[in-house]
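Visitor: Take a look at the letters that make up each chain.
2 protein chains.
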Amino acid sequence: MGKETRIAPKDKVAIIGSGNWGSVVAKIAGHNVKRSSTFHHEVRLWVFEEFVEGRKLTEIINERHENVKYLPGHRIPENVVAFSNLLDATRDATSLIFVLPHQFVENVCSQLKGHINPNAKAISLVKGFNTTDSGIQPISHLIREHLQLPVCTLSGANIANEIAEEKFSETTIGYESQGDGKLFKELLETPYFRVGLVNDVVGVELCGALKNVIAIGAGIVDGLKMGDNTKAAIIRIGVLEMRSFIKRFYEGIKDETFFHSCGLADVITSCYGGRNRRVAEAHVVTGKSFEVLEKELLNGQKLQGTLTAKELNRVIAHDGLENEFKLFTAIYRVIVEGLPPQKIFEYIL
Amino acid sequence: MGKETRIAPKDKVAIIGSGNWGSVVAKIAGHNVKRSSTFHHEVRLWVFEEFVEGRKLTEIINERHENVKYLPGHRIPENVVAFSNLLDATRDATSLIFVLPHQFVENVCSQLKGHINPNAKAISLVKGFNTTDSGIQPISHLIREHLQLPVCTLSGANIANEIAEEKFSETTIGYESQGDGKLFKELLETPYFRVGLVNDVVGVELCGALKNVIAIGAGIVDGLKMGDNTKAAIIRIGVLEMRSFIKRFYEGIKDETFFHSCGLADVITSCYGGRNRRVAEAHVVTGKSFEVLEKELLNGQKLQGTLTAKELNRVIAHDGLENEFKLFTAIYRVIVEGLPPQKIFEYIL
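Chains V and E, in that order, give the protein sequences.
With full-length UniProt numbering applied, the first sequence corresponds to residues 1 to 349, in that order.
With full-length UniProt numbering applied, the second sequence corresponds to residues 1 to 349, in that order.
Keep in mind the hints are simulated off the structure, nothing from the lab.
Certain hints may be false.
When chains are identical, the list treats them as one kind, so a pair holds in a single copy or across two.
Claimed, not checked - Below 30 Å or equal to it, Euclidean Cα-Cα: the simulated DSS-like pairs (lysine-lysine) are: (1) K326 x K56; (2) K343 x K185; (3) K182 x K56; (4) K343 x K56; (5) K288 x K343; (6) K295 x K343; (7) K343 x K34; (8) K225 x K69; (9) K302 x K225; (10) K182 x K113; (11) K288 x K185; (12) K326 x K69; (13) K185 x K127; (14) K326 x K185; (15) K182 x K247; (16) K225 x K247; (17) K225 x K10.
Since this is a predicted model, take the numbers as computed values, not measurements.
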């Protein structure tokens, strides 16, 4: 009575990673926090420092408000501030967005350990997972175990440049606590980038990883010029194997997840566009290995799908599940063992 | 004891309809019955008689074993016998395959009434449905009500010519009694044409009809050049509306149906190939009406998707469900009311 109302402290946002996708997320989050009463108006962006035309990338971003290397031509709002020091970027942050290649996550988490705000929540936009002898370790679990905080996931039919151009698209956030899911939805949704929520952290991120293997299958069919029925059949079988793989390792995952953007929409986008499809098609047409084509066609980028297919196969072979995952197994053999592509139909029958 | 073993009479197959798809089915069924102990070795094919180069089509099929008009270049086995008389074609038949345009089904059923073997079962490959004031009438129900026999359905990602070329594909049979489903699977499955079974007669056939409306949505996005994310989002929203429309009118339909070939695989095929997509894209690019483009591009064939969109809208509008079926409603308005295509995004938000 008569005293000032106690105001809950605002959430501070830190984005860990500033590649193509991270920069698009910085653009969106930067705009959204400006009109928000939930979030602090500064968004911090951790940049793996590099030199572009002789200048530090952090300096360029902070002066020109553009990531000239990874998202040229798109303005990042001026309230997004780039830091090269990870602990500076994440100091006091309560909403952490992980958006970096999956091989860097463990190292980043080690550096963050002990320096995280006790109220912090995270969301992982990372594709891929680790494999262990006992199965797979989703990136969300890796982050959660290292940093002891709740972790949501985000995945969908999200080609970064199309979202930067503000073309209509959808994505999915997987949450464990609905409040966290809603918080990140508020931070990341725009009229052109619609966020669906599903109570399924692991399903969302594993769809994002496994769809790349299905896309290789689709590319093989394209290379074989088998027609539309065959391609649709391979995609469908891929979705079924994706679903049963995820359900096998994470009981309680519902079919609903696959109807979200992270599920069938992302599969479709990847099987008709995307580099996994393209390289697989080129493999069939030219007979060159995936390694050679990766170098020739991708300008040094790695092919996520071949990596994931190998990791999947490690788990499938360890548990003797080849008969349950015939398409995944056949794709692995095409990639690694030189199985002639047209033989995949013998496998899946 | 000492008497001859009583042998169950063999199932006699009649195919009602001999267009492109009917002729492919005749090829498959004709081959399969030859090695079967379940089916009589003659398959009868009802042909809507017409003259081709001055000769009766039935005579050409029976002499040359080829449907030169609707499936040129593919041999139909000689144990498939063409009849122009419907009652001759179906006499004593116990397995009836309906594969004809949906506007002819009612008339054919009226002719068959009272002339059907009491043990007969049917399978409907017919696309589309009738609308009534109280909702929709699936073709399988129409056949069942007229002829008082059990009816299965078949639908999938099945471009007929690709199956005639024996390229790998899948389809789905929806059954009420599993025995009937298995019987028709035995009749129609081949190593290159894989049949999945699902206990859902209506879901299978309605997917086959509604996917054409989704394909129009996909074509609109293609015409607008909105990119891969947007197209995947529209397809996904279309699948959700298809699912909720079917579930609304037929309780108890399970999500499993949508994971079969009749579900997402057929949607994918139709949204990336197919004439509904093509005409919708041309509508956006040229601004010409669907009626005009139908004549210009389809050589007299009717566009199933526009018809289905109108029938759907009759039901949606009757029940005031526009807010639940925003995409279907927007597509209808583009087709019928001249809504500018780019406005569909305002509708679905």
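Visitor: Using 30 Å as the alpha carbon limit, work out where K182 and K247 are close: within a copy, between copies, both or neither.
Guide: both (25 Å within a copy, 28 Å between copies)
Visitor: Given identical chains, is K225 near K69, meaning Cα to Cα at most 30 Å, within a copy, between copies, both, or neither?
Guide: between (37 Å within a copy, 26 Å between copies)
Visitor: Checking an output row: K288 and K343, CA cutoff 30 Å. Within, between, both or neither?
Guide: Within. Shortest intra-copy distance 17 Å satisfies the 30 Å Cα cut-off; inter-copy 46 Å does not.
Visitor: Checking an output row: K326 and K185, CA cutoff 30 Å. Within, between, both or neither?
Guide: This pair counts as between: shortest inter-copy Cα distance 22 Å, intra-copy 37 Å.
Visitor: Can you tell me if K326 and K69 fall within 30 Å by alpha carbon in one copy, between copies, both or neither?
Guide: Classified as neither; 41 Å inside a copy, 40 Å across copies.
Visitor: Given identical chains, is K302 near K225, meaning Cα to Cα at most 30 Å, within a copy, between copies, both, or neither?
Guide: both (26 Å within a copy, 28 Å between copies)
Visitor: My question is about K343 and K34: at a cut-off of 30 Å on alpha-carbon distance, are they close within one copy, between copies, both, or neither?
Guide: Cα proximity of K343 and K34: across copies only (28 Å, versus 55 Å in one copy).
Visitor: Quick one: K182 to K113, C-alpha cut-off 30 Å, is that within a copy, between copies, both, or neither?
Guide: This pair counts as within: shortest intra-copy Cα distance 26 Å, inter-copy 59 Å.
Visitor: Since the copies are identical, ignore which copy is meant and state whether K326 and K56 lie within 30 Å (CA to CA) inside a copy, between copies, both or neither.
Guide: Intra 48 Å, inter 48 Å, cutoff 30 Å: neither.
Visitor: From the Cα coordinates, with 30 Å as the cut-off, is the pair K288 and K185 best called within, between, both, or neither?
Guide: Classified as neither; 43 Å inside a copy, 40 Å across copies.
Visitor: If the cutoff is 30 Å on CA atoms, where do K182 and K56 land: within, between, both or neither? Let me know, please.
Guide: Classified as neither: same-chain Cα gap 36 Å, cross-chain 68 Å, threshold 30 Å.
Visitor: Between copies, within a copy, both or neither: which fits K295 and K343 at Cα up to 30 Å?
Guide: Classified as within: same-chain Cα gap 26 Å, cross-chain 43 Å, threshold 30 Å.
Consistency note: the structure conflicts with the earlier hints numbered 1, 3, 4, 11, 12, 16 and 17.
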